[in-house]
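Respectively, the protein sequence lines represent chains A and B. With my numbering, the residue at position 112 of the first sequence is 115, and numbering never jumps. With my numbering, the residue at position 73 of the second sequence is 170, and numbering never jumps.
Watch out, some of these pointers could steer you wrong.
[Stated by the list, open to error] If we take Cβ atoms under 7 Å as the criterion, some of the chain B residues that face chain A in the derived model are:
1. G125
2. N129
3. F131
4. P137
5. L141
6. K146
7. R206
8. S208
9. I210
These are computed hints drawn from the structure, not numbers from a lab. Don't be surprised by glycine CBs; every beta carbon is placed ideally from N, CA and C.
Letter by letter, the chains look like this.
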Amino acid sequence: DSGVTQTPKHLITATGQRVTLRCSPRSGDLSVYWYQQSLDQGLQFLIQYYNGEERAKGNILERFSAQQFPDLHSELNLSSLELGDSALYFCASSVEQGAYGYTFGSGTRLTVV
Amino acid sequence: AQSVSQHNHHVILSEAASLELGCNYSYGGTVNLFWYVQYPGQHLQLLLKYFSGDPLVKGIKGFEAEFIKSKFSFNLRKPSVQWSDTAEYFCAVIPRSGNTPLVFGKGTRLSVIA
């Protein structure tokens with residue numbers, strides 16, 4: 004157990020639907036990062052939050068959004084889902100800005116059918 | 098922005114063979130370097146990291162990596178692999194300032210056969 008908790012572990016949904024992925028960071032970590040892992044694209048950074056505020060944005064589609072709540076947990080919302088959104092979504096957390104590494108959760112495997 | 102190249106997409110080795118996985122990065126400033134491992138069906142786990150000092154760093158499970166600044170490289174090595182080392186290995190880099198997120202290479206899949 005890394006200390007970063009992601010739920011759910013698996014999600015199967017239909018195209019056009021909306022889902023919410025949840026992440027609780029390791030105790031004491033202020034930064035939360037979301038990554039998408041697919042076979043062809045590898046690990047792609049989506050977005051970072053630090054203490055409730057958006058800090059950095061990567062290759063995140065407009066159909067995707069995220070937020071970090073006062074208790075520091077984060078949610079990634081994926082809407083108007085397409086087949087190509089099927090992937091593993093990882094959350095990671097770090098102390099401060101993460102220059103000394105991130106701790107990853109177990110991921111949510113999203114399958115869009 | 099930084100980028101990371103991992104030269105090998107898939108490596109197949111017999112047990113007890115030696116391993117070296119290449120990693121090169123591109124970034125103009127000072128960076129911190131990492132190797133993560135992802136066992137089948139599991140999350141990424143930190144294998145080893147380099148921040149400063151001795152360029153040869155040792156990690157868990159007998160892995161080591163050497164930072165060669167002049168070559169912008171951070172290759173991963175293990176003298177003798179085991180079947181349990183079958184996994185995907187990711188090299189990653191982040192600026193020392195931490196002002197941009199961790200960037201990963203595309204990963205190298207290692208298959209160790211008996």
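Now for the hints, and whether the structure bears them out:
The beta carbon of G125 (chain B) comes no nearer than 16 Å to any beta carbon in chain A, farther than 7 Å, and the hint placing it at the interface is violated. The interface hint given for N129 (chain B) holds, since its Cβ lies 6 Å from the closest Cβ of chain A, which is under the 7 Å cut-off. Nearest Cβ of chain A to the Cβ of F131 (chain B): about 6 Å, under the 7 Å cut. The hint holds. For the restraint placing P137 (chain B) at the interface with chain A, the shortest Cβ-Cβ distance is roughly 12 Å, beyond the 7 Å limit, so the hint is violated.
Among the interface hints, the one on L141 (chain B) holds; its C-beta lies about 4 Å from the nearest C-beta in chain A, closer than the 7 Å criterion. Here the hint on K146 (chain B) is kept, as its CB sits about 6 Å from the closest CB of chain A, short of 7 Å. Interface hint at R206 (chain B): violated, since its Cβ lies 11 Å from the closest Cβ of chain A, which is beyond the 7 Å cut-off. The criterion of a C-beta within 7 Å of any C-beta in chain A is not met by S208 (chain B), whose closest approach is roughly 16 Å, and the hint is violated.
Taken as an interface hint, I210 (chain B) does not check out: its beta carbon lies about 22 Å from the nearest beta carbon of chain A, beyond 7 Å.
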